[in-house]
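Q: Residue numbers (our numbering), protein chains in the order written: chain A, 1 to 283; chain B, 1 to 265; chain C, 1 to 364.
What the hints contain is simulated information worked out from the structure, not anything from laboratory work.
Hints should not be assumed to be uniformly reliable.
[Stated by the list, open to error] The calculated lysine-lysine pairs, modelled on DSS-like cross-linking and capped at a C-alpha distance of 30 Å, are: (1) C:Lys62 / C:Lys30; (2) C:Lys214 / C:Lys295; (3) B:Lys231 / A:Lys120; (4) C:Lys363 / A:Lys7; (5) C:Lys62 / C:Lys10; (6) C:Lys344 / C:Lys295; (7) C:Lys77 / A:Lys7; (8) B:Lys153 / C:Lys295; (9) C:Lys295 / C:Lys71; (10) C:Lys363 / C:Lys214; (11) B:Lys98 / A:Lys175; (12) C:Lys156 / C:Lys77; (13) B:Lys231 / A:Lys45; (14) C:Lys77 / C:Lys295; (15) B:Lys231 / A:Lys97; (16) A:Lys7 / C:Lys71; (17) C:Lys249 / C:Lys363; (18) A:Lys7 / B:Lys130; (19) A:Lys175 / B:Lys153; (20) C:Lys249 / A:Lys7; (21) A:Lys7 / C:Lys344; (22) C:Lys62 / C:Lys156.
Predicted model only: the values in this text are computed from it and were never measured.
Listed below, chain by chain, are the residues.
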Amino acid sequence: MRSEASKGLALSAPASLYVGALVSIPLGILVVYSFWTQTYVSIDKTFTAVNYREALTDPLVRHLLVRSIFIAGMVTIATVALAYPIAYFIAFRTQKKTLWLLLITIPFWSSYLLRVFSWKLILGFNGVLNSALLSLNLIDQPLTFLLYNELAVVLTLAHAWAPFAILPIYVSLQKIDPSLLEAATDLGLSPAESFFRVTLPMTVPGIVAASLIIFIPTVGDYVTPALVGGSEGKMIANLIQVQFGAANNWPLGATLSLIAMVTVGLVAILFVVLATTAGRRIR
Amino acid sequence: MTRFRRYLPGLPAYAFAYLVFLYTPVLLLPVFSFNDGTIVAFPLKGLTLKWYAQLGAQETLIRALFNSLIVGGIAALASTSLGLFAARAYVRYRFPAKEMSEGLVMLPLVIPGIIVASSMLIMFVSIGLKPSLTAVILGHTFLALPFAVSIMKSAFDEFDQSLEEAAYDLGETIIGTFRRVTLPIVSPGIIASLLVTFTVSFDEFVLAFFLSGNQPTLPVYIWSQIRFPAKLPNTLALGSILLLASILLLVVAEYFRRRTSKTSI
Amino acid sequence: MSDQNIIELKDVEKRFGSFVAVSDLTLSLKQGEFFSLLGPSGCGKTTALRIIAGFQDHEKGKITIDGVPMKDIPANKRPTNMVFQSYAIFPHLTVFNNVAFGLRKSRLSKAELDQRVNEALDMVELTGMGGRKADELSGGQRQRVALARALVMQPKVLLLDEPLSALDKNLREAMQLELRRLQQSIGITFVMVTHDQYEAMTMSDRIGVMFEGKLMQVDRPEVLYAQPCNREVAAFIGGMNFVPAELIKEDGDQLQIKAAGFGTLNIDVNPNVRERGSALLIGVRPEQLEIAATKPEGYDSTIEGTIANVAFYGESVHYYVEVEGLTDVVSVAVPNYFHTVDYKSGDKVWLGLQNSSIIDLGKG
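Just chain A, same shape as in the assembly (with noise of 0.2 Å):
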């Protein structure tokens, strides 16, 4: 009989090796890219910082990258602050929770490029929600302040985030022993105490979860920023995409994602070194 360690490792190398190569080959190639250069088609394989020199000081890159952070830390707030009551009407106010994880669920499969379409229709100039404001007399010009800027950004992430929020908070929720509260208010605290006291740092974790799981990827966003952003709305990783398309500079693009990459990592650990810190000294 084979060891107990050497069957799992067996069973799970696989899938790790996979997953392992798939991001440390691809990331060593490129930090390797970083340090050349190219014009037009052709790489210079010379090394040189110049790609980090140039991204470092131009103010386009400075202002996209905190654009990039800032927005995806308003998008993180407005999905977790929407979906914490949902999860807690779910975790709690009804008897029907099956259903409801199945509703939030299934939006969320729906072609996500789709979807951010379907916003950008919804907030337009001619789009759906002046067209229907109009009709209904309740303005007489369409609104122009809800396509093309960082709140369309933000309220489209915000929606196709909702799950990714919703199911790691209710998780936690879900684990809170009922008999806690219960003791709470035993021991005097009003509801509202209670939930300050109780139920919101034992959801530390899962708000953290939830955080991360939303402003890491929100980041590198792409097809948002392109969609709804406009020109006040793009961010860091459409001069990414720039570099890798139409300015065929790969080498750029590169140095690109690794300065964000390593951004969204400081502020990631950042902001979990601050939440757990907050969790613990509620008393």
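Using the hints provided, position chains B and C relative to the given structure of chain A.
A: Relative to chain A, chains B and C alone:
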């Protein structure tokens, strides 16, 4: 629990409002796909099916659909197989670096899409693999793996380990035990995983956009159509069909996922 | 039962990391006996059973079944079959196909297979239930299917891992008798793991008591009860009053001792005791003590005390008596012959004791 029902009486209303928020953009596509006009705005102009009828004649669409089916099918099979074995290891065995491995396979969920896409593009080009469906399949298998692993993990979680021991005890071989006991019992989980990973691949855009080269998948095709206002109603019709297909797949997957938990009693 | 050994374990040891699950396990099981491994949870009894079945490897030692060394023989080739604690009924198969599961490997003709399966179902009184689905069965029926599925393989040894723990109390008692009857009619060796002392005593020919990976004592139930080898075994099986004592004189199979509270006593040597020093421990079963309002006549030793507590058990009444010179209260069990509780807390009573009912437990 009933004690807390009293507080926040607005919560159910909020929940319904949230559902409206979730479903409006999704249901908008089918509504306007029947609209007899090219502008998506109220008031609706009348019912028509012509946008649907025109779809069949578009050869590039059919080819893109075919590409997506191939990519989705293979990526679903590959990620589910990898996920099946890995999940079994995670649920059943203790081994060195298990937690690291479990974390690693979830990584594709949290790497920004643009970074996965750009780095894979560079890698495939460096090793001489031109952007193609093969590249997309490899990438989608990577992206779908976390879904396959978590579905298969819950399938194995519900699976009583002594069932395999019983089969082995009754003289069955290890492979025979897997075929006669493990597979039939976790098969609803496998089907659920295949359906979900297929859907993940079928809807994926960014990676396919970078890696598909001149063999566009359906989302890449849709992206190319979105830019042309004249094609808009066709795109809406196509989107509605995809929506319906996705929901059907999901309902079937959910049915099989629930079968997993039922058989474990 | 015969004197021929069917299973022999010699110096078997199993470690999980630094934790020793089973150590120095040496045990011979006779052909046709009902043997129980008894012990608290975590004592290594299930590990020992799984080592016999071949589900668990072991670092040291040797196992032979029917004279054949089991090293390198995997579980699916061993002449043992197991009834699992969860019963492990295949949920995707009918009762018939569950029972036929192992036979399908043996290339029997369809008629033979049907006959074997139906016989097995008859044996466990599930005649005609072959078409049922696994999820349509009650707990007792699941256990019968598990039994039939193992017995139909005609194993040399049937292994049972806590087979009754999933059943409710009444069903459990009925199944104890039935399992015993079944084992006697088939005549093969049953090895059962249990943490329930009464279950082990009512069903087994012999019991092995395990603590912390070590086999403490192997004996017939009545010997285990009357002559436990040490304090742990004595405390695990039945109730026991422990009294510290000093050895005055050892004389052949007799000991002269001075026991706390009871004074000087002459008691029999317990042959199962392995270690003995000048400090001794003796034990008295609660039902072996006489309790009376006045000093009782005809006892080797009498002692006065005060009732501290009374517990009514239905079939018996337990009195807890404080005795001068003893730190622990003495527990006395009186059969409830006349439906009366004769004493209450605070009453002065006398306890009477015969030397023959005092158990020598060796080193104190």
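Q: Could you tell me which of the numbered hints above are not met by this structure, giving the numbers in increasing order?
A: 2, 4, 8, 9, 13, 14, 15, 18, 20, 21
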